[in-house]
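Each chain, letter by letter, is given below.
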Amino acid sequence: MLQGLSELAIQLTQFLTPRYIFDILWSTQLGIIVGMLPGLTATMGVALMTTLTYKFATDHAVLILICMYVGAIFGGSRTAILINIPGTPANAATTVDGNPLSKQGRAGEAMGIATTGSFLGSLFGMTMLAVFTPLLGNAALNFLSFEFFWLTIFGIIICGSLTAPKDPLKGWISGFFGLFVAMIGMEGMHAYRRFSFGNVDLAGGIELLPAMIGVFGFSEILMVMKQPAIKIVSNKIEKVIPYPREVLKYWGTIIRSGFIGTAIGAIPGVGEDIGAWVSYDFAKKTSKHPEEYGNGSIEGLMAAETGNNAAVAGAIIPVLSLAIPGSAPAAVLLGAMLIHGIRPGPLLMIENPEFVYQVVAMVLLATCAMFILGLLLIKAFVKILLIPRQRLMPVIFSLCIIGAYALSSRIFDIWIMAVFGIIGYGMKEMDYPVAPAVLGIILGDLLDQNLRRSLILSKGQIIPLFTRPISFFLVLLIFFTIVSRMRWFKLLWESVITKVKK
Amino acid sequence: MEPKRMDKADFVTSLFLSSLGLTVFVLSIRMPTFKELGANPYSAPGIVPAVLGIILFILGIVLLLRSISRKGYYIKVSFNGIISLFRRKSIRRLIIALFLSIAYVQLLGKMNYFLLNSFYILIFILAYELDFRQNIIKQKKKIIIALSEAFLIAGSIALVFQYIFLVRLP
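Line by line, the protein sequences are chains A and B.
Just so we're aligned: 363 in my numbering is position 363 of the first sequence, and the numbers increase by one with no gaps anywhere.
Just so we're aligned: 99 in my numbering is position 99 of the second sequence, and the numbers increase by one with no gaps anywhere.
Think of the hints as simulated: they come from the structure by calculation, not from any bench.
Be aware that a few hints might be false.
As the list claims (entries may be wrong) - Heads up, simulated BS3-like pairs for lysine-lysine below, C-alpha to C-alpha not over 27 angstroms straight-line:
(1) A:Lys-166 - B:Lys-4
(2) A:Lys-226 - A:Lys-383
(3) A:Lys-284 - A:Lys-166
(4) A:Lys-428 - A:Lys-285
(5) B:Lys-89 - B:Lys-35
(6) B:Lys-8 - A:Lys-166
(7) B:Lys-4 - A:Lys-490
(8) A:Lys-428 - B:Lys-4
(9) B:Lys-76 - A:Lys-428
To be verified - A short, non-exhaustive set of chain A residues, derived as facing chain B with CB atoms under 7 angstroms:
(10) Leu-52
(11) His-190
(12) Met-225
(13) Ile-387
(14) Gln-390
(15) Ile-411
(16) Ala-418
(17) Asp-448
Cβ coordinates follow ideal geometry from the N, Cα and C atoms, glycine included.
Given the sequences, and given the hints that come with them, work out the whole structure.
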């Protein structure tokens, strides 16, 4: 533990130079602006910055991306509170109590509490990141291809279940569709071009970043332009900085939401929005004043914002230890690390252990920058919300074009962005969650390699895929995740609970 | 989307998904195994896509059966229905954004990026801000402001990304 702390201190001091501090501040502020604006998501912000920081040094690029990520997840709380529209999906739970507080003339107080909750949640998540990444990485050293195969399937299933709670079938369809998309192009063992139909560009496969920018950027632009224009009434913002006693009153909620947010964030592909909602629900169920929830509960607001920002660091835990993203922005971060030559996964703690502590230091610095900027510059940057969408959306689309093009300089990637934007729009209209599809694209190659390797190792026998202890555990998890969403199982479970209670 | 319309949409998408799954499976089993080159048969490129094809097919069938049980197969397409769909303001807003964006992508690489970007931003703003029922000349102030904004923004984007981020522009 002491060695870890000293390593963290070393990495932290390396970032305390004027150049790095300047980059931390502007990228966190840009993240806050991205998060604030409906139509821009954290994923898109991180994806665009990935291509734009391609030529930067690795630590510089990853620092900017983490600052953008942390800032964007926090930034959405501004619009959630002021105009009842979450800037990012992660801030949906913030609207429930944030906007009522704003309507009561307590917008500044709400934003101060949201900022403090985000800060504390992020710090909590960062601590969990430092503790659990090495532990999970060490445990993953026991994983063979059998376990990695089931882990990818589990990631798709759990992501599909949690992102489409009312209709998990659509979540699973989305996930497996994403896995199929990852099969397009040259495969890794024999260099055979799958599903390219003679097209040279398709033979190169579907690049992750253009597809993500399309699904999260272009589709969002289409959704925003389809809706009628929102009339934004500027609210008076007065007292912002909360008193310490106001915050410490909810210490139990903060710690619980921090745990929940981090744990939910670490589940593959699930993300900050679920972290916020689950934290909020738990806070409401355990609150002494549940009747205040939905009417401007400070505790509810604190729980939501602590949960979503704790999920940011939580989502980075599986990125570093398993090379499996915990959320869509974390998926882009994973892609960025691979582009810059970092190999996340179980071997990271052996090959490049200082990188883990670098990332912890980056999260800490981004969190501090978010806290300072969030409290000091609220009134100034809220004016950005007054920009009409017909002026903002074409600019965002221009950035989508540059983002899709910058990495490989191919017009084909821009078309991929456009096509996936239309697909993403269609999916959203028909209630298919897009996160599992994106996770499928990311995990497709891992699934492909590991299933074939497993079959080679077992000489075509399927039994070893089920009988290895960790594999068996994962299979059981997958089975129960699927079965628990079926009506007959829910009825059976309820009847069992009723009988036990009697 | 309303539940009844969603059931119809699910019926159509389930047909597409099952067809896609079946097609993927058939194409996958036709892929070479490279056995003649001494490759391990379990490393064949078609194995994983074939499994995914079967899964997509099964999920498509489950969705199809569910939509049938909810009478999603009862789809009535009429000319008047299509006309009234396109008369909706939300659909028109969507089509404008989609058309302009796809046209922009189509013209990329065929003309100067700065000019193309400026025109795209200008036309996008005017498409939503101009009132075409009124005299356009009377709205020249809006046009001039939009023109200035478009050129300023397009110029800034080109300068920032080309010279600060050192990114190649299309």
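Going through the earlier hints one by one, which of them does the structure break, listed in rising order? 4, 5, 13
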